[in-house]
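Please put together the full structure from these sequences, using the hints given.
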Amino acid sequence: MYRFKHHRPTTIDEAQSIFAACDDPSYLSGGMTLIPTMKQRLASPTDLIDLSQVEGLTGITFHSGLVRIGAFTRHAVVANSAEVAKAIPALAYLAAQIGDNQVRNRGTLGGSVANSDPAADYPAAVVGLGATIVTSQRQIAGDTFFQDLFETALEPGELITAIEFPIPEKAVYRKFPNPASRYAVAGVMVARFPRGVRVGVTGAGPCAFRATALENALNQSFNPDALNAVEIPDAGFNSDLHASAEYRAHLVKVLAKRAVQALC
Amino acid sequence: MQITLTVNGTLRELDVPENTLLVDILRERLRLTGTHVGCDTSQCGACTVHLNGRAVKSCTVLAGQADGTSVLTIEGIGTPDVLHPMQAAFRECHALQCGFCTPCMIMAAIDLVENHKELDNKSVREGLEGNFCRCTGYHNIVRAVLSAAEKMAAKA
Chain A
1447 MYRFKHHRPT
1457 TIDEAQSIFA
1467 ACDDPSYLSG
1477 GMTLIPTMKQ
1487 RLASPTDLID
1497 LSQVEGLTGI
1507 TFHSGLVRIG
1517 AFTRHAVVAN
1527 SAEVAKAIPA
1537 LAYLAAQIGD
1547 NQVRNRGTLG
1557 GSVANSDPAA
1567 DYPAAVVGLG
1577 ATIVTSQRQI
1587 AGDTFFQDLF
1597 ETALEPGELI
1607 TAIEFPIPEK
1617 AVYRKFPNPA
1627 SRYAVAGVMV
1637 ARFPRGVRVG
1647 VTGAGPCAFR
1657 ATALENALNQ
1667 SFNPDALNAV
1677 EIPDAGFNSD
1687 LHASAEYRAH
1697 LVKVLAKRAV
1707 QALC
Chain B
-19 MQITLTVNGT
-9 LRELDVPENT
1 LLVDILRERL
11 RLTGTHVGCD
21 TSQCGACTVH
31 LNGRAVKSCT
41 VLAGQADGTS
51 VLTIEGIGTP
61 DVLHPMQAAF
71 RECHALQCGF
81 CTPCMIMAAI
91 DLVENHKELD
101 NKSVREGLEG
111 NFCRCTGYHN
121 IVRAVLSAAE
131 KMAAKA
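Top line first, the protein sequences correspond to chains A and B. Quick note: the first sequence uses our numbering, first residue 1447, plus one each step. Quick note: the second sequence uses our numbering, first residue -19, plus one each step.
Simulated from the structure, these hints should not be mistaken for lab results. Predicted model, so just to flag it, every value in this text is computed and none were measured. Here a beta-carbon is modelled for each residue, glycine too, at the ideal position from N, C-alpha and C. Some hints here could point you the wrong way.
[Said to hold, decoys possible] Here are the simulated BS3-like pairs of lysine-lysine, each with C-alpha atoms no more than 25 angstroms apart in a straight line: (1) K97/B to K1532/A; (2) K1532/A to K102/B; (3) K1699/A to K1616/A.
[As the list claims (entries may be wrong)] Chain A stretches covered by chain B per the calculated footprint, using a threshold of three residues with CB under 8 angstroms from any CB of chain B: (4) 1476 to 1483; (5) 1542 to 1550.
Quick look at the structure:
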């Protein structure tokens, strides 16, 4: 790991001022991706701006029809929250599927979402539940947040402060984990809302996305067989030693059907 | 950078480069070599310690993140004469072969027992997903954790 300067601001304003003043800064949340990346010298920020002491980035609150989770909230907190499990069981379940126990004790919601790792779990919930990303500057719709491999709508220095997840009537997350890393080879969140079904997919493409073809079929008939005729084109899907694009496209449909089965 | 951390109950003040990892502070500076470096990529769990009461992989914690925290390592949980119930259970159940993963398997297992209720064969296996035993002696490790969980619950 190259040398860097470690900053520990206590307010969002201070964190952003430091970011603006540094040569090649990076925010540090749980560090579960950034630190291994730095150790491999795939990232070499001059300055790390540690968010652990920043006020107002933690906590889970419940408002009319939504669950608001502070960006620095660790996965284990979401996974073990009885209140989250009551409001959106699929979200608590998803958090409990991330990495392993030690990783969940460090990794954070905001860090995962800001990174837009194609195989991360939380992006499936952001897209599948139609969450709103609350940042230091604005609110960003979950549907437009993930743009490409490790690319999001965040501007340089912009900081996620919280994420608001609308509470669905029912939702289920199904994932095919890589047996070694526990990352999602593919993961699908199916959520039923009064105004329709949403399907969020992670692991399959360069970033999380809504599977509108699956949504349309489920809006017509909410049962697993309704998905039989739906084609999932694998163009642009990820292909690596773990799974081909074709295999991932197949997984998306299988996982979506399993999720729907669990919801019926 | 100047950091202060409590390790196994003792307050330590250290001056370390900012790119120092917690595991290197423990092993190189404090000579607490029971915590191991296995993969160094936060996968194998051989570097597991407790940070403020929760199991973490110390190869993926920076000095600045450890500042102000309380760290518990394998050296801090028992003595040769009075083993921690988890250590005693590992010995009793033959839950180790080469022993490399053992210290951190024990630290991860204590976190499981203390922070996760109602453990059974399945949940112990899931809970130890972040710890690799390359001797593949998982069967007896799971037995040991369940045995220790009973004793720790009886003691509490």
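Unmet hints by their number, sorted upward, for this structure: none
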